[in-house]
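Peer 1: Chain residues, written in single-letter form:
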Amino acid sequence: MSDISRADVEHLAKLAHISMTEHELEKMAGELAVIVDSVKTVADAVSSAAVSGDVPATSHPLPLTNVFREDVVGEVFTAEQSLSNAPDAEDGRFKVPAILDEESEQGPALRGPAAGEGSER
Amino acid sequence: MTDTIAEAEPLSYEEALERFDPVLGFEVHVELNTVTKMFSSAPNAFGDDPNTNVNPVCLGLPGTLPVVNGTAVESAIRLGLALNCRIAESCRFARKQYFYPDTPKNWQTSQYDEPIAYDGYLDVELDDGEIFRVEIERAHMEEDAGKLTHAGTSGRIQGADYSLVDYNRSGVPLIEIVTKPIVGAGERAPEIARAYVSAVRDIVKGLDISDARMERGNVRCDANVSLMPKGSTEFGTRSETKNVNSMRAVEHAVTYEIRRHAGVLSSGGSIVQETRHWQETSRTTTSGRPKSDADDYRYFPEPDLVPVVTTQDWIERLRAELPEPPAERRRRLRETWGYADKEFRDVVAADLLDEIEETVEKGASPAVARKWWMGEISRLANARDLDPAALGVAPATIIELNSLIEAGRINDKIARQVLEFHVDGEGSPEAIVEARGLEVVSDDGALSAAVEKAMEENPDVVEKVKGGKLKAIGALIGPVMKETKGQADAGKVREIVLEKLGIEG
Amino acid sequence: MIDVADNAELIRLTAAEMAAKLRAGEITSVELTQAHLDRIEAVDGGEKGLNAYIHVSGEEALATAAEVDAIRSAGGAEAEALHPLAGVPIAVKDLIVTTGQPTTAGSKMLEGWMSPYDATVVEKIRTAKLPILGKTNLDEFAMGSSTEHSAYGVTRNPWNIERIPGGSGGGSAAAVAAFEAPLALGTDTGGSIRQPGAVTGTVGTKPTYGSVSRYGAIAMASSLDQIGPVARTTEDAALLHELIAGHDPKDSTSLPDEVPAFGEASRNQSVEGLRIGVIRQLQGEGYQSGVLARFQESLDALKAAGAEIVEVDCTSFEYALGAYYLIMPSEASSNLARFDGVRYGTRVTPEEGPLTIERVMGATRAAGFGEEVKRRIILGTYALSAGYYDAYYGSAQKVRTLIQRDFDAAFETADVLISPTSPVVAFPLGEKLDDPLAMYLNDVATIPANLAGIPGISVPGGLAADESGAELPVGIQFLAPAREDARVYQAAGALEKLLNDGSQPLWAQIPELESQEA
Numbered sequence: 001m002s003d004i005s006r007a008d009v010e011h012l013a014k015l016a017h018i019s020m021t022e023h024e025l026e027k028m029a030g031e032l033a034v035i036v037d038s039v040k041t042v043a044d045a046v047s048s049a050a051v052s053g054d055v056p057a058t059s060h061p062l063p064l065t066n067v068f069r070e071d072v073v074g075e076v077f078t079a080e081q082s083l084s085n086a087p088d089a090e091d092g093r094f095k096v097p098a099i100l101d102e103e104s105e106q107g108p109a110l111r112g113p114a115a116g117e118g119s120e121r
Numbered sequence: 001m002t003d004t005i006a007e008a009e010p011l012s013y014e015e016a017l018e019r020f021d022p023v024l025g026f027e028v029h030v031e032l033n034t035v036t037k038m039f040s041s042a043p044n045a046f047g048d049d050p051n052t053n054v055n056p057v058c059l060g061l062p063g064t065l066p067v068v069n070g071t072a073v074e075s076a077i078r079l080g081l082a083l084n085c086r087i088a089e090s091c092r093f094a095r096k097q098y099f100y101p102d103t104p105k106n107w108q109t110s111q112y113d114e115p116i117a118y119d120g121y122l123d124v125e126l127d128d129g130e131i132f133r134v135e136i137e138r139a140h141m142e143e144d145a146g147k148l149t150h151a152g153t154s155g156r157i158q159g160a161d162y163s164l165v166d167y168n169r170s171g172v173p174l175i176e177i178v179t180k181p182i183v184g185a186g187e188r189a190p191e192i193a194r195a196y197v198s199a200v201r202d203i204v205k206g207l208d209i210s211d212a213r214m215e216r217g218n219v220r221c222d223a224n225v226s227l228m229p230k231g232s233t234e235f236g237t238r239s240e241t242k243n244v245n246s247m248r249a250v251e252h253a254v255t256y257e258i259r260r261h262a263g264v265l266s267s268g269g270s271i272v273q274e275t276r277h278w279q280e281t282s283r284t285t286t287s288g289r290p291k292s293d294a295d296d297y298r299y300f301p302e303p304d305l306v307p308v309v310t311t312q313d314w315i316e317r318l319r320a321e322l323p324e325p326p327a328e329r330r331r332r333l334r335e336t337w338g339y340a341d342k343e344f345r346d347v348v349a350a351d352l353l354d355e356i357e358e359t360v361e362k363g364a365s366p367a368v369a370r371k372w373w374m375g376e377i378s379r380l381a382n383a384r385d386l387d388p389a390a391l392g393v394a395p396a397t398i399i400e401l402n403s404l405i406e407a408g409r410i411n412d413k414i415a416r417q418v419l420e421f422h423v424d425g426e427g428s429p430e431a432i433v434e435a436r437g438l439e440v441v442s443d444d445g446a447l448s449a450a451v452e453k454a455m456e457e458n459p460d461v462v463e464k465v466k467g468g469k470l471k472a473i474g475a476l477i478g479p480v481m482k483e484t485k486g487q488a489d490a491g492k493v494r495e496i497v498l499e500k501l502g503i504e505g
Numbered sequence: 001m002i003d004v005a006d007n008a009e010l011i012r013l014t015a016a017e018m019a020a021k022l023r024a025g026e027i028t029s030v031e032l033t034q035a036h037l038d039r040i041e042a043v044d045g046g047e048k049g050l051n052a053y054i055h056v057s058g059e060e061a062l063a064t065a066a067e068v069d070a071i072r073s074a075g076g077a078e079a080e081a082l083h084p085l086a087g088v089p090i091a092v093k094d095l096i097v098t099t100g101q102p103t104t105a106g107s108k109m110l111e112g113w114m115s116p117y118d119a120t121v122v123e124k125i126r127t128a129k130l131p132i133l134g135k136t137n138l139d140e141f142a143m144g145s146s147t148e149h150s151a152y153g154v155t156r157n158p159w160n161i162e163r164i165p166g167g168s169g170g171g172s173a174a175a176v177a178a179f180e181a182p183l184a185l186g187t188d189t190g191g192s193i194r195q196p197g198a199v200t201g202t203v204g205t206k207p208t209y210g211s212v213s214r215y216g217a218i219a220m221a222s223s224l225d226q227i228g229p230v231a232r233t234t235e236d237a238a239l240l241h242e243l244i245a246g247h248d249p250k251d252s253t254s255l256p257d258e259v260p261a262f263g264e265a266s267r268n269q270s271v272e273g274l275r276i277g278v279i280r281q282l283q284g285e286g287y288q289s290g291v292l293a294r295f296q297e298s299l300d301a302l303k304a305a306g307a308e309i310v311e312v313d314c315t316s317f318e319y320a321l322g323a324y325y326l327i328m329p330s331e332a333s334s335n336l337a338r339f340d341g342v343r344y345g346t347r348v349t350p351e352e353g354p355l356t357i358e359r360v361m362g363a364t365r366a367a368g369f370g371e372e373v374k375r376r377i378i379l380g381t382y383a384l385s386a387g388y389y390d391a392y393y394g395s396a397q398k399v400r401t402l403i404q405r406d407f408d409a410a411f412e413t414a415d416v417l418i419s420p421t422s423p424v425v426a427f428p429l430g431e432k433l434d435d436p437l438a439m440y441l442n443d444v445a446t447i448p449a450n451l452a453g454i455p456g457i458s459v460p461g462g463l464a465a466d467e468s469g470a471e472l473p474v475g476i477q478f479l480a481p482a483r484e485d486a487r488v489y490q491a492a493g494a495l496e497k498l499l500n501d502g503s504q505p506l507w508a509q510i511p512e513l514e515s516q517e518a
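Residue numbers (UniProt numbering), protein chains in the order written: chain A, 1 to 121; chain B, 1 to 505; chain C, 1 to 518.
No lab work stands behind these hints: they were computed from the structure. No experiment lies behind these values; they were computed from the predicted model shown. Glycine is no exception: its CB is placed at the ideal position from the N, C-alpha and C atoms. Be careful, since some hints might not be right.
[Unchecked claim] Taking CB as the label site, the calculated pair distances span:
1. A:V73 with B:T336: 37 to 45 Å
2. B:E234 with A:V73: 45 to 53 Å
3. C:E26 with B:V35: 37 to 45 Å
Isolated chain A, as found in the complex:
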């Protein structure tokens, strides 16, 4: 049985921005463990003796490459169209409650692995 704790689910729920009650966390931990148990055989599959050599990953079912768009302006919304489904808006902008995470005030382009840090997985 996979070892997925209530705390693990709490961490995942936080990453996924889904508020969960204690009860939900407990229940999800149990369900997740069962599902993970049944799917984790994939790791065995690729390491099994039946498979000779390194198996490349397939991320796209059909191997297309270099699909590019001309740098020409297409459809553009008016502010009214942009905001047509907004739960809240002000001055032509989407309105959101206060942001606690002060990570960046100039956009998240500047978040992420730092120079010289390398990109390990």
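Given chain A's structure and the hints, the job is docking chains B and C onto it.
Peer 2: Okay, now just chains B and C, sitting in the frame of chain A:
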């Protein structure tokens, strides 16, 4: 439980450098000047009304899909080549996932373990002409986020009541350039930092892939600093100062962080790995957010996009089209123009290489071109709070002004006035001189009468000149100018005085 | 005024027959559309109604119908240029965005959301002037195999209203089976077109990945999703596939290919010399005996008609379900991140505590998503998180390669492959709702095609009794190599003809439903 010291009085810069060797690292984000965004056909434009440069794709509406801007890919390859990078034969985009209201899909489409360009270097020129090589780790393509405005008393994120989001910038193409750790900078670290950012800006400007205006955020820099005790080769803990967005700020931020780190380390404390915020007014940094385990971006290959595969032919075509590297160009221009080192440095610092080069190409001598651009044009621009280039003076105008002077039709002083009238929209120099009747009085009769009058009114001066003190003629020029309302040529006045006194000039 | 008897006949025509009658001027599109709207009115609402539709757009459909009728009666070049299916009504799965009609994805998250743009397939349908009857029910964000996970109620199977109609596209399948629409659009990520087709006795195709534009289909798993046709006959499915296929510059994964003549392929109906591969791994354990019996009869019929039946081995299929339930939730967890209450859709403010965007996002996603969606988001978040990526997502992508290799080898000895579409016939409502794993097993035969990107079709294979003795439809699946969608139409068309020989087609044998009209 013991408290670790994380704050202390910064050491002086000199003291810091005596004890430690700095290690730098930079992440520079360059916003491309493509017509449309990275993955959508919405306009990439600055300064428009909020949420009017968006479409379903860059608003992240359900069901939408990205399509890569081919021009942005070519820009990335060209930048990679200009940074002496290797270009990936095949690379992919990846989703970097985190929730933030300025990020419409709650992931940023970026590149992770497969950047389009990697393993390059940039030779940056320091003030004394020394070259320092900065190794480039990678340059990758990604998209920008929208813009948040924080409402409330402070206008900042802290203490804001609510925030407003404008997605016009969402999806604007970015290239992020990441350096390898920079060691061996020593006491020149701040200077190297500024020179590096400046060199990157020159390159993207030269490639014409970005407007490269730092004040608009076209080029943004994160500066990483860590210290190693002298003699050590083990890197210390790094701080990451975000959004240092001017050359000067980069230099100051690196200086401050070196002093701060040294202060903490010298007091027996340890550096917290965190992001820092640059404070322009106090020229210090303040603590931001610590790096935490929660930074799990769950990168995975973007399934809605297909790989970018480069061919040798494609890369070589782009390489052949690269402009002359900025450093080489500067060397070439300095040699051809024959300026003194200081003169040339001032021109570079004033960012007027392009303008002077064009003016020289149109036929002005390098000296004349420099005189106008660094002199009167810069002065006028400064008075109007504009860049000299933004004043709208065409090289042809300078040529025209100069030929008016050379023909003796106006003098330098009048020429400067003519330039100002021109900038104010009064037309070509020729037309201004005509309309305002500014032509130098070269009619000998009128000038001769004025000289005679001045000589009569200043007999003592005339005596001195007669006595061989030719410099004294200067004292006659003022009255003559007054008489002719400034339209006299000083050389001509001198000639007439000498002639009248029968002295060989 | 058309009387009820005429209406009953009208809606029981195939789409191809409707199109022919429209062209011949024997019926009008307004009559045809109204007949379907009346049928929806009669059987879809009420406590025991099918609930195949989340939204019905009678006005818009009739306006399009009137437009087609006007063009046709005016004659001339414009009438000549009308699409062959112009005027034939259609239903659209509510995962596909439409302007002028709400799109909910079966979720509370998008309650009341009006898309400001049309999906590419919807644009094509509008251009071809097929009246859009409305939006059909589905499992929330297409996550499910029974259409029980919809925020807008369960859809009932018209063969037996106490049974599930399959999922996620149970609404489209039920609507087509119950003559509430002759044609419908579905989406298929792991079987969401084919499995509902199987359990409702209808035909559904999952096209080659990239054959139909995904632009405007709310993404569940980007590398698996495909929009496809739902119909009562193979020919109708082929005709609709032809209409919606083709390259779309708005979808980077769209194939730059010409659209083959699927309709023609479906009418070929010959299997003489066709090598049909039986996948050893997709039968036996877990398959109901009735399902296997109908499957064997289909094989016998095909063999008798001149097909060459061969056996193929696809050993890595053992891992297909595992790979699918890692890749799908991983991509879904990412695709569904955009639903956060900032730009559109529901926003829920927590009742207590400080008001911050983080807490609003958390509360919005807690309230807006149903249990199954949350389960998959958490599972996907887990599979992609640091330290687990290689073992889970990374391995699953490698299994994908193994499955493609199995298919490549199989297609060396066979022109098309065959299997039951679903291991079981329609099960009772509620039976598997609390057992996610049992629910996931419904997709075991359909998933490999999605992982490999190849085309698959489900066609009716007769009725079979389950353990309780209830007689319900069985689906037969044909698979073909990527870009060879025409082959599945040829094989399915042939089987359909063989099984219909001397009897009414299965879809015509459906028991009459009780009218739910008040």
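Peer 1: For every hint, state whether the structure bears it out.
Peer 2: Status of the hints after comparison with the structure:
no. : hint                          : in the structure
1   : A:V73 with B:T336: 37 to 45 Å : holds (41 Å)
2   : B:E234 with A:V73: 45 to 53 Å : holds (52 Å)
3   : C:E26 with B:V35: 37 to 45 Å  : violated (53 Å)
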